[in-house]
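There are 2 protein chains.
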Amino acid sequence: MDIHTLTRELQLDNGSKIVMLVADGLGGLPMSPGGLTELETAKTPNLDALAALGVQGASIPVKPGIAPGSGPGHLGLFGYDPLHYQIGRGALEATGIGFELKEGDVAIRCNFCTIDAAGKITDRRAGRISSEESAPLAISLRQIKIPGVEIFVEPVKEHRFVVVFREPGLGGNVADTDPQKTGVAPLDPVAQNPQSQRTAEIAKEFLAQAKKILAGHPKANFHTMRGFANKPSLPSYKEVYGLRAAAIAVYPMYKGLARLVGMDIVGQAQTLQEQIDVLKQNWDKYDFFFIHFKYTDSTGEDGNFAEKVARIEELDSIMPQINALKPEVMIVTGDHSTPSYLKSHSWHPVPTLLVSDCCRPDPHKAFNESTSITGGLGHFEAQYLMALALSNAGRMGKYGA
Amino acid sequence: MDIHTLTRELQLDNGSKIVMLVADGLGGLPMSPGGLTELETAKTPNLDALAALGVQGASIPVKPGIAPGSGPGHLGLFGYDPLHYQIGRGALEATGIGFELKEGDVAIRCNFCTIDAAGKITDRRAGRISSEESAPLAISLRQIKIPGVEIFVEPVKEHRFVVVFREPGLGGNVADTDPQKTGVAPLDPVAQNPQSQRTAEIAKEFLAQAKKILAGHPKANFHTMRGFANKPSLPSYKEVYGLRAAAIAVYPMYKGLARLVGMDIVGQAQTLQEQIDVLKQNWDKYDFFFIHFKYTDSTGEDGNFAEKVARIEELDSIMPQINALKPEVMIVTGDHSTPSYLKSHSWHPVPTLLVSDCCRPDPHKAFNESTSITGGLGHFEAQYLMALALSNAGRMGKYGA
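For the record, the sequence lines run as chains A and B. The numbering of the first sequence is our numbering, which starts it at 1 and goes up by one. The numbering of the second sequence is our numbering, which starts it at 1 and goes up by one.
Accuracy of the hints is not assured; some may be wrong.
[Stated by the list, open to error] What follows is a list of derived Cβ distance ranges for each label pair:
#	chain 1	residue 1	chain 2	residue 2	range
1	B	133	A	84	46 to 54 Å
2	A	31	B	244	55 to 63 Å
3	B	215	A	233	46 to 54 Å
4	A	5	B	185	47 to 55 Å
5	B	179	A	379	42 to 50 Å
6	A	84	B	5	55 to 63 Å
7	A	194	B	182	48 to 56 Å
8	B	12	A	373	30 to 38 Å
9	A	15	B	185	30 to 38 Å
10	A	201	B	183	54 to 62 Å
11	A	194	B	179	24 to 32 Å
12	B	104	A	5	43 to 51 Å
13	A	373	B	183	49 to 57 Å
These aren't lab readings, by the way, just hints derived from the structure by calculation. We put the beta carbon where it would ideally sit given N, CA and C, even for glycine.
Make the full structure from the sequences, and use the hints.
Right, here's the structure in full:
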């Protein structure tokens, strides 16, 4: 049974407010044996003060040993079983650039590639063409017309762009055209089920027209299509939790993920302080606030330990402004760990802190990887964090009599 | 896969004995930040001595963040997945007053209500009529006769009573007649599936006769019907664990829940000391003893911190008498937390202690919320406690070769 079966049935509305502050990739590792993690190194007096009041634990994003991408990482935090709800690659790519998918849309990740005179691929990424060079090329594909279908083409980065087909009833189950090797021609788009037959035909026609448009380019003279996907169908925060939810994020990917679960995207913040300002401005309008802080992840991905420490300290410095709003439940967590040592997302549990008047505090007076593993929340799957948040907020009745 | 698939296959009978002492609502909260919980405040030298010998952990009744009622709380402790096995409201109400449901019975929770001359509800609870006034009224409904069906009417409390229809093949899926608001007439009972057609007809006839009988009463001149439910079908302790199980409880609800999993209800104890006496008297006749102690819950529900502390100390004082019987496995736990601070059941994990000669003790020398979160049993779902009990009792073989 899905946890939403319970939250749908048991939800209450008592007007309380929940703030979930997601420091992307929060968890880390020491750079050498015996060392400290980024979070243990950072000076975080405000988080430590919250730790003394609250309860902490180690959040397992998906299952032990599984490192998630941003999609499943956030779905877990939002309480959606990340193994059940899957966002197709094309849909995630479109979401990541802020494209608002509609019901029935099919989104496709496309890669510019180089083909030879015989039509065989010589470079699957068109020599990793620069964004500056590829964006106008992607935009040139907007001239493609196919009767009955609305077509969107959006540049992404380097050799990547997104194509979206919009026509009622289009299926999203079409095989990739990327053969995953050079020396062979791209594959034709082949439908994997009857509902996707029309989609495959549209894709084939799109590719034929694109080939003509791109023909003269020295590197990006064709493209492949991968990850065909319909808009994912996720129940909304309003329905599953009874929450009016707002997302305060800087990057399109996180706005997109929040939009998929029915959150309103509020403000145009570009800095953490601006995000907090947006939070204050919207305080009376929503029950739940998702605040996304990107830089604990990007610094980790860069392997920049010192800068990740600095970003954690930046995050710590704004905590008093959130506390001043007196949310009934305050949560600080991450969607996964991004240790500078690994320069990538990892599977390690994420230190997670929850503060409420009824949270049963544990003895910890600091907040980091070491303390979280012996915290009162134990080691728990991220998908249960929302149920904990709701109960701590007084927003859930009891299950069964 | 259900844990019972394993216990059915792996169970052994070595004559060992298991005692599960359930202090209802055992877990608590501090009344103010930095304070102690009820269990941390209580002087519990005997439990602390057991803690030094045993292993403890934090039992999650259902899932993180879910506060259970008594039904799912106990099913979990008994090893029955509380999300899979659900006890219908009517069946639980009947169970709670000690009514022994039989296969095919349909139990219904009824509320006396007040209707006006037009038949519209003016009070859904008949002015919360007293038990003294309502009991004879409920009993007066025993004169209702419907050919072919055996009918039972039992008073519960205030405006509530239970009706049970007994006739082979009756389905329990009938919609509530309570419209959940005043100013409208009660609904007719409507079958939700074909097997419940006959049940709905019986209910309709019952309501028609009840209306005549109650007509003259100033407050309770009609009643609604809710939570239609068949007797839940639960496999027995004997079958799933190979245990001859006895329940020693004071309150009907817990006797009823134990009966549903095939335990024998032994003794007529009214006090904890009498419960221990019953335990001693039946020691040779059973393998498993469920002892239910109610007052850690009821004092918590009352918000009476000091009295909950006193009740925990009372419980502690009888521990030596149980130890003296030398059970192979001794468990102290609760079906959920009932913090005096919240005056209600809560989602917080329940301190749980297990003592056996092979339990791998943890370093703790006290037993409470703080110690349990770092105990050797970790944070675990209650539904696995019986498997732990059986293995510690030498009653389970290994899984696979």
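> Tell me, which hint numbers fail for this structure?
Replying inline: Numbers 4, 6, 11, 12, in rising order.
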